[in-house]
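Since chain U is already given, all that's left is putting chain P on it; use the hints.
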Amino acid sequence: MGIIETKDLVFEYIRRDEEGNVEGITRAVDEVTLDIKKGDFIAVLGHNGSGKSTLAKHINAILYPTEGTVWVDGMDTSDEEKLWDIRQEAGMVFQNPDNQIIGQVVEEDVGFGPENLGVPTKEIWERVEESLKAVGMYEFRKYSPNKLSGGQKQRVSIAGVIAMHPKCIVLDEPTAMLDPNGRKEVIRAVRALNDVEGITVILITHYMEEIIHADKVFVMDKGSIAMEGTPREIFSQVERLKELRLDVPQVTLLAHELKKAGLDIADGILTVQELISALKL
Amino acid sequence: MLRDITLGQYYQTDSVIHRLDPRVKLVTTLCYIISLFIVDNWIGYVIAGLFLLAVIKLSKVPFKFMIRGMKAIVFLLLIAVVFNLFLTPGEPLVTLWKLTITREGIRLASFMAVRLVFLIMGSSVMTLTTTPNNLTDAIEKLLGPLKVIKVPVHEIAMMMSIALRFIPILLEETDKIMKAQIARGADFESGNLIKKAKSLVPLLVPLFISAFRRANDLAMAMEARCYRGGEHRTKMKPLAYRKRDAIAYIIVVCYLAVCIVCGKILW
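Protein sequences appear in the order of chains U and P.
Residue numbering for the first sequence follows our numbering, starting at 1 and increasing by one per position.
Residue numbering for the second sequence follows our numbering, starting at 1001 and increasing by one per position.
Just chain P, same shape as in the assembly:
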């Protein structure tokens, strides 16, 4: 059961968006987030919404998967809306006891809500259509120029992909240790928070020891296979831009331009 966990909630299907170069998707997501903060009128948000809908449609990912990502932020969304609603000064509309709802408050709160929802959905589209592996490749490639100022870009990407590979293994191991401790009478369930936290010690200590042992083994195995950092290294699956990626970039630039024009200047 634990083996089946896929990280980054990748949704396997074949669509134009899936086939795009991961760099395009990463850059697009960034641009999209920026666009959400540039626009500050309804026309802008309608454009952003339409763009998002179009992309979701193209990605062939069922809409409910996008909603799923939303559950995690419901609470945050609520707080943001409530605070904006009541604490924005301006022309008062309704007064409930000591709290006043202002016209500006409604405007800000609804913008904030739309912004957050679009933001989460936009980044979900990326994680749903890109494997974690591709994403690390894209990050390595995009951060490439930082090598000049001695940022260990390759090493960071390698660490990310190794971490991703070991998450299921360590989860399984946690499960195993937990069962072994339960079999010896350990209690992970009852008691208050402090007691529960304390009961995790016999779980975490063996887990850490084994993780270090694994790290040591893995380092040795990597060295035995001639790993010596990013230099002189070739790629089995090098990222290559195709025609569709160029088209995607053009669309993104157009979208940004439209957003700036409609969402900022026309107001």
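The shape of chain U in the complex, shown without the other chains:
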């Protein structure tokens, strides 16, 4: 059993009119069954409204399944007694950096999670220092979050989650509101966490460039998993991705077009380097 497992997960949003009558039911997540191994870097792709954020919120027990079950490290998320253990083990980073920073000073924000867990004061300081160093924000510890750039704020948010010593961290489009530099910073920090600390990462995104290094990719469409596999397997199906309204990285697209035009190169080229060496042969 992996660190996160879902079985036939269904989640329905109920839309109500002004009098509170049920207007309709939207199935945001539809029969999703997943098994995520410890230490993996998982990417979840999908265009807007594909249900990827809703799925993410189940892992942190913010939403509960309408049908089916989610287990985090063997704990059922609908078990209320385990709620805080689940939230400690599966941290979550959200999209808008401004709306998830609580402290008025960087270090206080990072300390917020451990404070809630009831960690002794001395250990909080150790954890804050270690997590800020892990994301490369230690020299900003005395700053007000309002003075940081978007990428820096997101790294602070990530540090805030790491300070709770989670086994797994879910990032719900952490780069959607950032500029390209901020995006790179954040992705670099996330990869370091996965490589160095061995934390399982579930990255939800719609930027293709960010998933190249993932161990496994899930593509969601209309609430269910449409594709799954390694990035290479996913990117070799350019036509299918286009059907799902997803963009393919430029290099991959170029390689795909070249192949269609008759050139003999492999499917699923991910980086410029790969394309160069494929063309040299």
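There may be inaccurate statements among the hints.
Derived pair list, reagent style DSS-like, types lysine-lysine, alpha-carbon separation capped at 25 Å [said to hold, decoys possible]:
(1) U:K147 <-> P:K1141
(2) P:K1237 <-> U:K147
(3) P:K1141 <-> U:K142
(4) U:K122 <-> U:K133
(5) P:K1243 <-> U:K122
(6) P:K1235 <-> U:K167
Just a sample of chain P residues kept apart from chain U, beta carbon distances all over 12 Å, derived [what the hints assert, rightly or not]:
(7) H1018
(8) T1088
(9) N1133
(10) V1153
(11) F1166
(12) F1188
(13) V1201
(14) F1208
Quick partial rundown of chain U residues pointing at chain P, CB under 10 Å, derived from the structure [unchecked claim]:
(15) K57
(16) S78
(17) M92
(18) N99
(19) Q100
(20) I101
(21) V128
Calculated from the structure, these hints are not laboratory results.
Beta carbons are placed, not taken as given, at the ideal position from N, Cα and C, and that holds for glycine.
Same frame as chain U, but now just chain P:
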């Protein structure tokens, strides 16, 4: 520009007063205000003034920052003085047209003025030397006993600190919305008061909507980080009394005693 606004006008420097526990400063300020209302003779006010001067000197905050807080109350001060001056009955000194200035009037008016000035300066010393954060911590700690009668002390302190954190963000957002509306031809400048107030509607509605959205996001982010109210919570920066805080308390008690003796009993 808007990002640089610091609330509560904290003045960053290193002094004994800055390093004092915020609880001490809060209690001292309260005691000081009380002392201002206890004393009713000149000796008392001289003592209060000397105490204030000593504290200001120790705090290393330039004197002009204290004066700055004064500007806001000039009008109030003026009204208080004028009313006390003319409307206090007693032995008449000068009569101007229908208004009479009495001996008691002068006394009361000048006491009132000194009281107000000292009051504002005294509380400025506190806000200038204490970060808003520390102040909320102190309030949470001092109101702690009220938990027994089910006052949500921790929640109040948390709300205050979140409000402080979001003020710059919301200001920036207001600025953004305003510019967006101006770009579409909205007019916030011209017209009379009612027209101006009406023109604020397209500013306030989006601002409120976005504030609610932020609140929702923030609540979710806090829950995701295991926030569950004040119970079982430890503190990253717990308030701890040191030797200097004890000394400060002793000084405050002495000051209060001197005030009562000189300002009340000796008269």
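Enumerated hints in conflict with the structure, sorted upward: 1, 9, 11 and 16
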